[in-house]
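Student: Here the protein sequences come in this chain order: A and B.
2 is the number of the first residue of the first sequence in my numbering; add one for each residue after it.
2 is the number of the first residue of the second sequence in my numbering; add one for each residue after it.
Because the hints were derived from the structure by calculation, they are not lab data.
As the structure is a prediction and not an experimental result, all values here were calculated from the model.
There may be inaccurate statements among the hints.
To be verified - Have a look at the derived ranges for each label pair, beta carbon to beta carbon:
1. B:A107 with A:V21: 42 to 52 Å
2. A:D203 with B:A111: 43 to 53 Å
3. A:D122 with B:P312: 52 to 62 Å
4. A:R139 with B:L110: 18 to 28 Å
5. B:D308 with A:H273: 20 to 30 Å
All C-beta atoms, glycine included, are put in the ideal place defined by N, C-alpha and C.
So you can see what is in the structure, the chains are spelled out below.
Number of protein chains: 2
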Amino acid sequence: MTSCGVLISEVGPRDGLQSVARTMPTAAKRAWISALHAAGLREIEVGSFVPARLLPQMADGAEVVRHALGLPGLTVMALVPNQRGAEAALAAGVHKLTIPVSASAAHSLANVRKTREQMVDELRGIVALRNERAPQVRIEAGLSTAFGCTIQGAVAEDEVVWLAEQVVAAGVDEAGLSDTTGMANPAQVRRLFQRVRAAIGDKTGAAHLHNTRGLGLANCLAAYDVGVRTFDASQGGLGGCPYAPGASGNVVTEDLVFMFEAMGIATGVDLHKMMLARQALQAGLPGEPVYGMTPQAGLTRGFAYADGRRPATEALLDAGAGAA
Amino acid sequence: MTSCGVLISEVGPRDGLQSVARTMPTAAKRAWISALHAAGLREIEVGSFVPARLLPQMADGAEVVRHALGLPGLTVMALVPNQRGAEAALAAGVHKLTIPVSASAAHSLANVRKTREQMVDELRGIVALRNERAPQVRIEAGLSTAFGCTIQGAVAEDEVVWLAEQVVAAGVDEAGLSDTTGMANPAQVRRLFQRVRAAIGDKTGAAHLHNTRGLGLANCLAAYDVGVRTFDASQGGLGGCPYAPGASGNVVTEDLVFMFEAMGIATGVDLHKMMLARQALQAGLPGEPVYGMTPQAGLTRGFAYADGRRPATEALLDAGAGAA
Numbered sequence: 002m003t004s005c006g007v008l009i010s011e012v013g014p015r016d017g018l019q020s021v022a023r024t025m026p027t028a029a030k031r032a033w034i035s036a037l038h039a040a041g042l043r044e045i046e047v048g049s050f051v052p053a054r055l056l057p058q059m060a061d062g063a064e065v066v067r068h069a070l071g072l073p074g075l076t077v078m079a080l081v082p083n084q085r086g087a088e089a090a091l092a093a094g095v096h097k098l099t100i101p102v103s104a105s106a107a108h109s110l111a112n113v114r115k116t117r118e119q120m121v122d123e124l125r126g127i128v129a130l131r132n133e134r135a136p137q138v139r140i141e142a143g144l145s146t147a148f149g150c151t152i153q154g155a156v157a158e159d160e161v162v163w164l165a166e167q168v169v170a171a172g173v174d175e176a177g178l179s180d181t182t183g184m185a186n187p188a189q190v191r192r193l194f195q196r197v198r199a200a201i202g203d204k205t206g207a208a209h210l211h212n213t214r215g216l217g218l219a220n221c222l223a224a225y226d227v228g229v230r231t232f233d234a235s236q237g238g239l240g241g242c243p244y245a246p247g248a249s250g251n252v253v254t255e256d257l258v259f260m261f262e263a264m265g266i267a268t269g270v271d272l273h274k275m276m277l278a279r280q281a282l283q284a285g286l287p288g289e290p291v292y293g294m295t296p297q298a299g300l301t302r303g304f305a306y307a308d309g310r311r312p313a314t315e316a317l318l319d320a321g322a323g324a325a
Numbered sequence: 002m003t004s005c006g007v008l009i010s011e012v013g014p015r016d017g018l019q020s021v022a023r024t025m026p027t028a029a030k031r032a033w034i035s036a037l038h039a040a041g042l043r044e045i046e047v048g049s050f051v052p053a054r055l056l057p058q059m060a061d062g063a064e065v066v067r068h069a070l071g072l073p074g075l076t077v078m079a080l081v082p083n084q085r086g087a088e089a090a091l092a093a094g095v096h097k098l099t100i101p102v103s104a105s106a107a108h109s110l111a112n113v114r115k116t117r118e119q120m121v122d123e124l125r126g127i128v129a130l131r132n133e134r135a136p137q138v139r140i141e142a143g144l145s146t147a148f149g150c151t152i153q154g155a156v157a158e159d160e161v162v163w164l165a166e167q168v169v170a171a172g173v174d175e176a177g178l179s180d181t182t183g184m185a186n187p188a189q190v191r192r193l194f195q196r197v198r199a200a201i202g203d204k205t206g207a208a209h210l211h212n213t214r215g216l217g218l219a220n221c222l223a224a225y226d227v228g229v230r231t232f233d234a235s236q237g238g239l240g241g242c243p244y245a246p247g248a249s250g251n252v253v254t255e256d257l258v259f260m261f262e263a264m265g266i267a268t269g270v271d272l273h274k275m276m277l278a279r280q281a282l283q284a285g286l287p288g289e290p291v292y293g294m295t296p297q298a299g300l301t302r303g304f305a306y307a308d309g310r311r312p313a314t315e316a317l318l319d320a321g322a323g324a325a
């Protein structure tokens, strides 16, 4: 039953925590990241290197990276918006950089006060820096608002494909597509990933999809169908309440893992251990709402992981882990 | 952009109301069903014909059917568990009967105290009655627990295919597959619908999928991919809170309509008018929780229906409709 597996890239410690006004203490971040690693996650976006005055929640990036580097087999990722951030992240020793580049011209100007062309120049500088200081580090460009933009509305698919080509020409190792605003639908996900793959081949990166209108898992399925094998997700959907108006909730890692494992597609993640990570998240941010339907409903009767393992119990909440 | 359309079969007035302890007053049911029809729904399961002592919420079935028969272009469906119910439903004048038949042997005995073979006999009797009294009425068998059972766990796909063949041999017009317990995954949905279609061809009926673990829309997409064109759904997810442990929440009609329309697949349903129906539902059951993420988030910026129509506003909650 086991098919080709997928890589779940956990973005909660960056994308999630960045969206919460409170700051999770550094020790709690370390404990949470360790618990996510213990649950089987092998790529975690642990922080972002941005000025602390803009995002005080991320001020301890270097310390968090140092901890994560001690976890065996883990790819430690960080988000950087520019060269200065890249310098700090490379100095901290990350394995992979991710840089958001807006596909929407209006969003790019509003968000980083740069045109898309200027962001591609920025990328070129980051690639040069990486080549000089840490050639083993991988660089991903995340094409944000690839499926639509709350400012300008539709984003032309031709422009997304053009931008994917530009960032690859600038030297990044992969370009992923992000549904930053929760506007994607499965037909569009299939079409756009196919077009981008036709343009940049195996430099096509992760699908970063949101659950704003409940389509998160359907969109992940659509992306899987056209060959995507890396999926960003956030434990408990942290990062924008998925049930509130205007929310930009990330796909819930627990639900995504359940879907793939139930389909016979290995993720390497253990859902009971994910509940321990959920406890660690909640211990670090008491009272913060976390989401997920599989954590609530539990596993299905007779559930087996893609590799044939059977859980000791189908209950998840009873496994001693808290949930909203 | 418009592809082949789909038929959304609204089950809220039966499946939803049957799961709520309180009884919606008959006048409120009439108003809700009219509002659903006004929103463009063209098949509605309006009630079930079961003994009133078992389900007092459904005691006004004949009166509700009489009202629904006055709505132009509407296929009026009712659930019947046995011949006695079928007699009452046919007398009331329904256009279509739906009869649940458990694919799980254990569930069949627990639920109706009959073996699956005895239920097939019951179906044969209902078909004979239909042929005699109202030959224009269509009969659907809904194969419940087709994707798994909370009592026995896995249900063998061979047995589901066998049962589909049996019910067709008994004379029903179509056999649908129901994920009664919210255990389906997209790979299984594709595989089982394909196997059933290989066995009974165009007598393959609706997909009735639940959102218990958040996979409702992904499973609908999977069913669509293998040719299913009729989908059961419930306004506001009525019928088992989809966010509670052990819940059996139906797929939310509003979210399903959004997904298909965004994909360019016409449903004929208007989402602003669905919010008026949501108001009617809430007026009839004050305080009852209703769900749906598209109602909360609104339509996407620049949204157009599959037929090209543009909504006057992308907001849904601001359109004067209430929601949880």
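Student: Tell me the numbers of any earlier hints that the structure contravenes, in ascending order.
Tutor: 3, 4 and 5
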